[in-house]
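Chains D and A supply the protein sequences, listed in that same order.
Residue numbers for the first sequence follow this note's numbering, so the first one is 1 and each next one is one higher.
Residue numbers for the second sequence follow this note's numbering, so the first one is 161 and each next one is one higher.
Worth flagging that the hints you see were computed from the coordinates, not collected in a lab.
In this text, all values refer to a predicted model and were calculated from it rather than measured experimentally.
Each residue gets a CB set at the ideal place from its N, CA and C atoms; glycine is no exception.
Any given hint might turn out to be false.
[As the list claims (entries may be wrong)] Simulated restraints on C-beta separations:
| hint | chain 1 | residue 1 | chain 2 | residue 2 | range |
| --- | --- | --- | --- | --- | --- |
| 1 | D | LEU132 | A | GLY320 | 25 to 35 Å |
| 2 | A | ARG404 | D | GLU45 | 26 to 36 Å |
| 3 | D | GLU28 | A | LEU208 | 18 to 28 Å |
| 4 | D | ASP146 | A | ALA183 | 24 to 34 Å |
| 5 | D | ALA65 | A | LEU208 | 37 to 47 Å |
| 6 | D | ALA65 | A | PRO370 | 30 to 40 Å |
[To be verified] Residues of chain A placed beyond 12 Å of chain D at every Cβ, according to the derived structure:
| hint | residue |
| --- | --- |
| 7 | ALA305 |
| 8 | GLU322 |
| 9 | ALA421 |
In case you want the letters, here they are:
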Amino acid sequence: MSSTSRFAARVRTQGPMNLSDHLEVNAERAAGDVIDGEAIIINLETGVYYSMQGIGGDVWSMIAAQRSFGSMLDAIVATYDVNADDARRDLEAVLGQLLDEGLVRFAGDARTGVSVPHQELQQEKKPYAAPLLQIYRDMQDLLALDPPAPGMNQIAWDRK
Amino acid sequence: MAGHAVELTVVRELAPLIFAPFAHLDDCDAEPALRIDVTTLDEPLDDLPDSGVVLTHDGLIEHRHRHSIAILDRERGTIRASIHNDGAIASWHRAKPLQVPLSIFFADRGIDLVHGGLVSLRGRGALIAGNSGAGKSTLATACAAAGLDFLGDDCVAVRGTEGYSIFGSSSLVDGQTKNVIFPERTATSTSIRAIVLPRITHDAHVTLRPASAKEALLALAPGSILRRAVPAAEALGRMARMAREVSAFRLEMGPIDEAVARVWELLEA
Numbered sequence: 001m002s003s004t005s006r007f008a009a010r011v012r013t014q015g016p017m018n019l020s021d022h023l024e025v026n027a028e029r030a031a032g033d034v035i036d037g038e039a040i041i042i043n044l045e046t047g048v049y050y051s052m053q054g055i056g057g058d059v060w061s062m063i064a065a066q067r068s069f070g071s072m073l074d075a076i077v078a079t080y081d082v083n084a085d086d087a088r089r090d091l092e093a094v095l096g097q098l099l100d101e102g103l104v105r106f107a108g109d110a111r112t113g114v115s116v117p118h119q120e121l122q123q124e125k126k127p128y129a130a131p132l133l134q135i136y137r138d139m140q141d142l143l144a145l146d147p148p149a150p151g152m153n154q155i156a157w158d159r160k
Numbered sequence: 161m162a163g164h165a166v167e168l169t170v171v172r173e174l175a176p177l178i179f180a181p182f183a184h185l186d187d188c189d190a191e192p193a194l195r196i197d198v199t200t201l202d203e204p205l206d207d208l209p210d211s212g213v214v215l216t217h218d219g220l221i222e223h224r225h226r227h228s229i230a231i232l233d234r235e236r237g238t239i240r241a242s243i244h245n246d247g248a249i250a251s252w253h254r255a256k257p258l259q260v261p262l263s264i265f266f267a268d269r270g271i272d273l274v275h276g277g278l279v280s281l282r283g284r285g286a287l288i289a290g291n292s293g294a295g296k297s298t299l300a301t302a303c304a305a306a307g308l309d310f311l312g313d314d315c316v317a318v319r320g321t322e323g324y325s326i327f328g329s330s331s332l333v334d335g336q337t338k339n340v341i342f343p344e345r346t347a348t349s350t351s352i353r354a355i356v357l358p359r360i361t362h363d364a365h366v367t368l369r370p371a372s373a374k375e376a377l378l379a380l381a382p383g384s385i386l387r388r389a390v391p392a393a394e395a396l397g398r399m400a401r402m403a404r405e406v407s408a409f410r411l412e413m414g415p416i417d418e419a420v421a422r423v424w425e426l427l428e429a
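Just chain D, with the same shape it has in the complex (with noise of 0.2 Å):
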């Protein structure tokens, strides 16, 4: 069982999650991007696309920025009008479905969690919608009927 898929059983078997867990994006897999506050999230294996949103694109921002479970919490409690069991409940939530899709994973090594900047904490709070996450599939469709050419995805785009 890879890393992801473990993660994702303990989040659904084994309840909350830690504060100091980490998640990163899963980036040979995924692609994402925040447009209009919202996530727009590729799967690159296969070809099924989502859209995250409420406070979606604020979620999709802290992973990638590998923030902590708790300050990625702490972040949202103190930038929208929402308490803190009710954004861990949506966080912990939308935090399976992408482990549960492979769009993210566990951050394995041990990180300092990045603290929450002061100003965010000065703000008058943002109506508060939780973060949901769209799927779109009709891609998969039309890649079953006509895929791409096998081996793309060995293409190295790092070099300079």
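Got chain D; can you put chain A on it based on the hints?
Okay, now just chain A, sitting in the frame of chain D:
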């Protein structure tokens, strides 16, 4: 080609096939950034999927297709291709030859070959985005027939908000067959002022309404990234920036003439 001088050398018997999609590009005397050499492949290759396969070896990238082998040398800026022309080459291959190595060559230079059409009016362009079957080719070729400049129907180059034509050709579905056509009125570059997201509805009238940047990105990015040889994260970031900067519109296509008129009005505004 997308602001780069390209030298294209083709054996005589393949010249009509290979030059036709590039015939609309401007001649220039600049030192080539890319040299393409096309020779004849004696026999077709068997047992390859329709899309071909991509192999990487010795710093080279090779795209092998049933009717062609194309090898890109990224360091030297060369594509050496050999093509077997037995009259059975797929229409997409005839309309857009060397698409895979060209996609990689331009991606290395921050230019994305995106899955979209592009038409232009006096240098103001409309990028037409959507999945296969959305009506990209239908709209782009109808716009060209009505007098707009044609830059592509489903594979065009984009850098920032500048759009470039690579292939001056279209492969249009007509019943069970795909026909390759070459619109007469073409352009090589344009400034992208609108992203149009068509949908064929067969309604009595056409509707055009603003779309969000997110809708534009969802229509453009998955097809461009999943079906092309591109660096996914960087390309998605570039497309997101363009989607933020350029206004997008949903075009529910009823009568095609009316749809073309709405695109024309959009570019005149």
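Checklist line | Hint check, failures only | finding: When the structure is compared with the hints, none of them turns out to be violated.
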